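S.K.: With chain A held as given, fit chain B with the ligands onto it using these hints.
Chain by chain, the residues run as shown.
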Amino acid sequence: MKYTISILVENHAGVLSRISGLFSRRGFNIDSLAVGVTDDPQISRITIVVNGSEYMVEQVEKQLNKLIDVIRLRRLKQNETVSRELMLVKVSCTVQTRSQIIDIVRVMDAKVCDISKTTLTAELCAETDQLKLFCDLLEPYHILEVVRTGTVALAKGDDVVTA
Amino acid sequence: MKMTVAQAMVRCLEAEGISVVFGLPGAAICPFYDALSRSSIRHILVRQEQNAAHAASGYARITNKPAVCIATSGPGALNLITGIATAYMDSIPLIVITGQVVRELLGRDVFQEADITGSCEPFVKHSYLVKDAASIPRIMKEAFHIASTGRKGPVLIDIPFDVQKETIPFSYPEQVQIRSYKPNTIGHPGQIKRVITALSKAKRPLICAGGGVFSADAQNSLVVFSNKTNIPIVTTMMGLSAVSPNDPHNLGMIGMHGCAGANRAMNSADIIMLIGARVGDRAIMSPMGLAQNTSIIHIDIDPAEIGKNIETDIPLVGDAKNILEELCEKSEKLHFESWYEPLRTKTHSSYPPYAGYIRPQYVIETLCAHCAPDAILCADVGQNQIWAARGFNIPNGRFLTSGGMGTMGYSIPAAYGAKLAAPDRQVIVVCGDGSFQMQMMELATLCANNIPVKIIIMNNGRLGMVRELQDNQYGGNKTAVFLDGNPNFVALAQSYGIPSVCVQTDTDVASAIDTMLSADGPYLLECTVSPSEPTL
Ligand SMILES: Cc1ncc(C[n+]2csc(CCOP(=O)(O)OP(=O)(O)O)c2C)c(N)n1
Ligand SMILES: [Mg+2]
Numbered sequence: 028m029k030y031t032i033s034i035l036v037e038n039h040a041g042v043l044s045r046i047s048g049l050f051s052r053r054g055f056n057i058d059s060l061a062v063g064v065t066d067d068p069q070i071s072r073i074t075i076v077v078n079g080s081e082y083m084v085e086q087v088e089k090q091l092n093k094l095i096d097v098i099r100l101r102r103l104k105q106n107e108t109v110s111r112e113l114m115l116v117k118v119s120c121t122v123q124t125r126s127q128i129i130d131i132v133r134v135m136d137a138k139v140c141d142i143s144k145t146t147l148t149a150e151l152c153a154e155t156d157q158l159k160l161f162c163d164l165l166e167p168y169h170i171l172e173v174v175r176t177g178t179v180a181l182a183k184g185d186d187v188v189t190a
Numbered sequence: 076m077k078m079t080v081a082q083a084m085v086r087c088l089e090a091e092g093i094s095v096v097f098g099l100p101g102a103a104i105c106p107f108y109d110a111l112s113r114s115s116i117r118h119i120l121v122r123q124e125q126n127a128a129h130a131a132s133g134y135a136r137i138t139n140k141p142a143v144c145i146a147t148s149g150p151g152a153l154n155l156i157t158g159i160a161t162a163y164m165d166s167i168p169l170i171v172i173t174g175q176v177v178r179e180l181l182g183r184d185v186f187q188e189a190d191i192t193g194s195c196e197p198f199v200k201h202s203y204l205v206k207d208a209a210s211i212p213r214i215m216k217e218a219f220h221i222a223s224t225g226r227k228g229p230v231l232i233d234i235p236f237d238v239q240k241e242t243i244p245f246s247y248p249e250q251v252q253i254r255s256y257k258p259n260t261i262g263h264p265g266q267i268k269r270v271i272t273a274l275s276k277a278k279r280p281l282i283c284a285g286g287g288v289f290s291a292d293a294q295n296s297l298v299v300f301s302n303k304t305n306i307p308i309v310t311t312m313m314g315l316s317a318v319s320p321n322d323p324h325n326l327g328m329i330g331m332h333g334c335a336g337a338n339r340a341m342n343s344a345d346i347i348m349l350i351g352a353r354v355g356d357r358a359i360m361s362p363m364g365l366a367q368n369t370s371i372i373h374i375d376i377d378p379a380e381i382g383k384n385i386e387t388d389i390p391l392v393g394d395a396k397n398i399l400e401e402l403c404e405k406s407e408k409l410h411f412e413s414w415y416e417p418l419r420t421k422t423h424s425s426y427p428p429y430a431g432y433i434r435p436q437y438v439i440e441t442l443c444a445h446c447a448p449d450a451i452l453c454a455d456v457g458q459n460q461i462w463a464a465r466g467f468n469i470p471n472g473r474f475l476t477s478g479g480m481g482t483m484g485y486s487i488p489a490a491y492g493a494k495l496a497a498p499d500r501q502v503i504v505v506c507g508d509g510s511f512q513m514q515m516m517e518l519a520t521l522c523a524n525n526i527p528v529k530i531i532i533m534n535n536g537r538l539g540m541v542r543e544l545q546d547n548q549y550g551g552n553k554t555a556v557f558l559d560g561n562p563n564f565v566a567l568a569q570s571y572g573i574p575s576v577c578v579q580t581d582t583d584v585a586s587a588i589d590t591m592l593s594a595d596g597p598y599l600l601e602c603t604v605s606p607s608e609p610t611l
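As you go down the protein sequences, you meet chains A and B in turn.
Sequential numbering of the first sequence, starting at 28, is according to our numbering.
Sequential numbering of the second sequence, starting at 76, is according to our numbering.
No lab work stands behind these hints: they were computed from the structure.
Here the structure is a predicted model, which is why all the values come from computation and not from measurement.
Even for Gly, the Cβ is constructed at its ideal location relative to N, Cα and C.
Some hints here could point you the wrong way.
Away from chain A, derived, C-beta distances all over 12 Å, residues of chain B [as the list claims (entries may be wrong)]:
hint : residue
1    : 118
2    : 217
3    : 378
Listed below are the simulated EDC-like cross-link pairs for lysine to aspartate or glutamate, each with C-alpha atoms no more than 20 Å apart in a straight line [what the hints assert, rightly or not]:
hint : chain 1 : residue 1 : chain 2 : residue 2
4    : A       : 29        : A       : 154
5    : B       : 383       : A       : 166
6    : B       : 206       : A       : 154
7    : A       : 117       : A       : 156
8    : B       : 396       : B       : 292
9    : B       : 206       : B       : 241
10   : B       : 303       : B       : 407
11   : A       : 89        : B       : 388
12   : A       : 29        : A       : 81
13   : A       : 93        : A       : 107
14   : A       : 159       : A       : 58
15   : A       : 89        : B       : 386
16   : A       : 89        : B       : 377
17   : B       : 216       : A       : 154
18   : B       : 276       : B       : 412
19   : A       : 93        : B       : 412
20   : B       : 383       : A       : 37
21   : A       : 117       : A       : 166
22   : B       : 257       : A       : 37
23   : B       : 405       : B       : 386
24   : B       : 77        : B       : 109
25   : A       : 183       : A       : 107
26   : B       : 240       : B       : 179
27   : B       : 206       : B       : 184
28   : A       : 89        : B       : 196
29   : A       : 138       : A       : 107
30   : B       : 206       : B       : 188
31   : B       : 405       : B       : 416
32   : B       : 383       : A       : 85
33   : A       : 93        : B       : 196
34   : A       : 104       : A       : 58
35   : B       : 257       : A       : 88
Extracted from the complex, chain A is given alone in its bound form:
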C-alpha cells in the first residue's frame, strides 16, 4: 500500500536530515519526498509517500511525531486528496520523430519546454501514474534524462493541516 503523509515542520537547518535519517534508520521505504517553504516562512511542508503495511505507516507517523521539529502531521486519504508531481523528460528527437513526440505531449496535456536539433524536453504536471504513462509512451523514442519532484498533495475541500 502507498500512503501519503503531509508534515509541517520548523523551517530550519537540520530538519530534513533528521527526518530522512529516521526513515533509513528504522527501515522505512520512501517512494518520494518533497519539501518547500509554506506561506509562513518559518514553516516548511514535507510530503512523503511511503510504501508499506499499515503497521509500518503507523510507526512512521509515531516516530515522526516524536521529532521536536515536527509541528503537525497528517496521513492524507487517497480519494480525498489532490496530488501532483512535476516531471521533466528529455527525449531524442529527430526531424522524423518530432511531430509524433509532440502529438504525445499534446495528448498527455504536457508541454514542450525546450527543443533542439536532436532533443526535446517536455514537462508534465499530473498525478503520479500519469507520469509513468507519459514515460512509457516516450520510451520508444529513447529517453535521455528524467527528473521528478516527488508528489505534493493537499486534502480536498475545507480539510486543512495547519500549525
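M.R.: Using the frame of chain A, we list chain B with the ligands on its own:
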C-alpha cells in the same frame, strides 16, 4: 545584564539547580570551563568522556532530573557517544554540552572537528548546534524542558568556541514555547474507563512494571494500586527495585534471565498491564504469542511505544504516576483473589560451594543481607549483571544497570554519579573482570574526589557471558573470551590508594563484605569465580 555566552550557560545551569557536572575539557570548551570554575557548581573530572555521560546518567537515575556532562569538540565529543546512547535507550534525561570549532570553520574538517549533532542524531531526544549567541538562554531552557518531560532522554548542545566568547544580554526565560512539543501526561478518561471495565472482568490480572515507573516517580502509586486491588507485579530488569523484593505482590523479574515464577505468571495471566515497559526482546521474547492468549493494557508516556513491539488491546498514553493514581481512585470495587500461588518464589543459591572459588550468587545474597536497606546496587553487563539482578534483595534499595544498550563499563561511573546524587546511601558496584577493565581509569576519579563507592569484581578470567554462549551454541569453540592479561586487581586498586582484598572461598565472603561496607572511602573486593560458572 551583559555577559559572555559561557557565563550565561553557567547561569542557566545554576537556574536549573545543577550542583554537580561531569566532564573533561579541551581547547574548544575552555571558555565554558573558565566560567564554570568561577561558579559554585562542582565539576567532577572524569578520565574518559564516556564515563562523564555514564556518571551523569547514574546521577539522573537517582534524582530523576537532567544531569550534565561536558566534553570538548572532536574526540572528546565522540567519546561521549556510547554514554549518550546508553542513556537514550534507558530514557535517562541528560544535558550534554560539547565544544565545537568556530562557526566560520564548520564543515572544513579543521583540527578536532566532528559533526557531533549529526553523529548523535539517532541517540538524542533533540540536539542544538548553537550558531546564534543570543539564543543560548532559550536553548538551555528548552533543553532542560525537553530532557525532563514526556519520555525523558538526552539533549545535546554543541557550542562553537567563538559563540562561547560572545557577549549577550542575559536573562533566563521563565517559560518555554515549543509549539511542536506538548507531551501528553494525563491518561484519556475514556481509556481509563476501559481499563477498569476490562480489569473487572479479569480473573488473573498481572502488572508488568518497567523502567518507566522510575521515570514517572510512580513507585509508590504502583504499590498502592497493587495492594488495593491485590494484583501481583512482575518487573523487567529496568523495573527491578521499583517494588520492594519484600512486597508480597512482587513476583520478581521476567525475561530471558528472569526468574521462572515471574515468567510463569506472565504466561498464566489473563490480562497484563504493561506500565512503562517497552517490551524489549530480552524481557518478552515472544510478544506475538503473549498477545494472542492475554489481553494487553499498555500504559506508556510515549505513544510510539504502543503497538511497536506488542499488539495492544487497550492503549493508555500518559504519565504512569497520574494514571495509577487515577486508576486507584476508580477501582474501589476491584479486589482480586490471590491467583498466583506461591506468590513469591524464593531464590536459592542453586550451586554447592566449590573449593578455590566463590559462588557469585552467594556473594550477592550476602551483600544484600549485609548492606544498608536502602543501598544502591549498580550492576555492569554480563554474567555479573544477571547474578546481581537475580539475587537483588535490598528491601528499599535501587538497582541500576544499562538495560537497553547493555554497555560494558557502565557501572563504576554510574555508581559514583549515583553516590553524588545520594551521598547518604551506600552505593555498590558489581562488575566483571572484563567490564572492569573498560572503566578502571575511573578509580582515579573515585580517589581524587574521595567518593566512597564499593566495587565487587566477579573475576572469572573470561568474558563470561560470551564464553557461555560459545559453550552452548558454538559447540564449545571458545574464542576471544580469555582475559589472559588480567592485572592483579588488588595491587591495582592499592596503587590508587584504594584498599582491596581478594576472596576465594565462600566462608570468607561475609566478613570481607562487612569490611568493605564499613570502609570510609572507596573499596575494591575481588571475588574469584569459576570460569565455568553458569549464568542461571
Ligand atoms: C561495550 C561492550 N562490548 C561488548 C559487549 C558484549 N558482551 C556482553 S557480556 C560480555 C562479557 C563481559 O565480561 P565480564 O565483564 O568479565 O563479565 P562476565 O560475563 O564474565 O561476568 C561481553 C563482551 C558489551 N555488552 N558491551
Ligand atoms: Mg568475566
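S.K.: Hints first: check each against the structure and report whether it holds.
M.R.: Verification of the hints:
The claim that residue 118 of chain B lies off the interface holds: its Cβ sits roughly 29 Å from the closest Cβ of chain A, which is beyond the 12 Å cut-off. A beta-carbon of chain A comes within 12 Å of the beta-carbon of residue 217 of chain B; the shortest separation is about 8 Å. The claim that residue 378 of chain B is not at the interface with chain A is violated, since a C-beta of that chain comes within 12 Å of its own (minimum 6 Å). Between residue 29 of chain A and residue 154 of chain A, the direct Cα distance comes to roughly 14 Å. Compliance with the 20 Å bound is thereby established for this hinted pair.
This hinted pair does not check out: residue 383 of chain B and residue 166 of chain A have alpha carbons roughly 43 Å apart, beyond 20 Å. Simply put, residue 206 of chain B and residue 154 of chain A have alpha-carbon atoms about 41 Å apart, too far for the 20 Å limit, and the pair is violated. Of the supplied pair hints, the one linking residue 117 of chain A and residue 156 of chain A holds, its CA atoms being roughly 19 Å apart against a limit of 20 Å. Between residue 396 of chain B and residue 292 of chain B the alpha-carbon distance is near 7 Å, which keeps this suggested pair within the 20 Å criterion.
Distance restraint check for residue 206 of chain B and residue 241 of chain B: the Cα-Cα separation of roughly 11 Å lies within the 20 Å cut-off, and the hinted pair is therefore satisfied. This hinted pair checks out: residue 303 of chain B and residue 407 of chain B have alpha carbons roughly 8 Å apart, not beyond 20 Å. Restraint check: the Cα-Cα separation between residue 89 of chain A and residue 388 of chain B comes to about 18 Å, which is no more than 20 Å; the hinted pair holds. Simply put, residue 29 of chain A and residue 81 of chain A have alpha-carbon atoms about 10 Å apart, close enough for the 20 Å limit, and the pair holds.
This hinted pair does not check out: residue 93 of chain A and residue 107 of chain A have alpha carbons roughly 26 Å apart, beyond 20 Å. Between residue 159 of chain A and residue 58 of chain A the alpha-carbon distance is near 14 Å, which keeps this suggested pair within the 20 Å criterion. Our distance criterion of 20 Å between C-alpha atoms is met by residue 89 of chain A and residue 386 of chain B, whose separation comes to about 15 Å. For the given pair, residue 89 of chain A sits about 9 Å from residue 377 of chain B by alpha-carbon distance, which is consistent with the 20 Å threshold.
Distance hint between residue 216 of chain B and residue 154 of chain A is unfulfilled; the C-alpha atoms sit about 45 Å from each other, more than 20 Å. Taking the CA atoms of residue 276 of chain B and residue 412 of chain B, the gap is near 13 Å; set against the 20 Å cutoff, the hint holds. Note on residue 93 of chain A and residue 412 of chain B: the hinted pairing is violated, with a Cα-Cα distance of about 41 Å set against a maximum of 20 Å. At most 20 Å may separate the alpha-carbon atoms for a hinted pair to count; residue 383 of chain B and residue 37 of chain A exceed this at roughly 27 Å.
For the suggested pair residue 117 of chain A and residue 166 of chain A, the alpha carbons sit about 11 Å apart, so the restraint of at most 20 Å is met. Between residue 257 of chain B and residue 37 of chain A the alpha-carbon distance is near 15 Å, which keeps this suggested pair within the 20 Å criterion. For a cut-off of 20 Å, the pair hint linking residue 405 of chain B to residue 386 of chain B is broken: about 25 Å separates their Cα positions. Proximity of residue 77 of chain B to residue 109 of chain B is assessed by CA-CA distance (about 17 Å); at most 20 Å being required, the pair is judged to hold.
A hinted pair counts as satisfied when its Cα atoms are at most 20 Å apart, and residue 183 of chain A with residue 107 of chain A qualifies at roughly 5 Å. Pair hint residue 240 of chain B plus residue 179 of chain B holds up; C-alpha atoms about 14 Å apart against a cutoff of 20 Å. For the hint pairing residue 206 of chain B with residue 184 of chain B, the CA-to-CA distance comes to about 18 Å; that is within 20 Å, so the pair holds. In summary, the hint linking residue 89 of chain A to residue 196 of chain B is supported, as the alpha carbons are separated by about 17 Å, within the 20 Å threshold.
The straight-line distance between the Cα atoms of residue 138 of chain A and residue 107 of chain A is roughly 27 Å, outside the 20 Å bound, and the hint therefore fails. Proximity of residue 206 of chain B to residue 188 of chain B is assessed by CA-CA distance (about 15 Å); at most 20 Å being required, the pair is judged to hold. The straight-line distance between the Cα atoms of residue 405 of chain B and residue 416 of chain B is roughly 27 Å, outside the 20 Å bound, and the hint therefore fails. Between the alpha carbons of residue 383 of chain B and residue 85 of chain A the distance comes to roughly 9 Å, so the proposed pair stays at or under 20 Å and holds.
Restraint check for residue 93 of chain A and residue 196 of chain B: the C-alpha separation of about 13 Å stays at or below 20 Å, so the hint holds. Among the hinted pairs, residue 104 of chain A with residue 58 of chain A is consistent with the structure: their alpha-carbon atoms are about 17 Å apart, no more than 20 Å. Distance check on the hinted pair: residue 257 of chain B and residue 88 of chain A sit about 16 Å apart at the alpha-carbon level, within 20 Å; holds.
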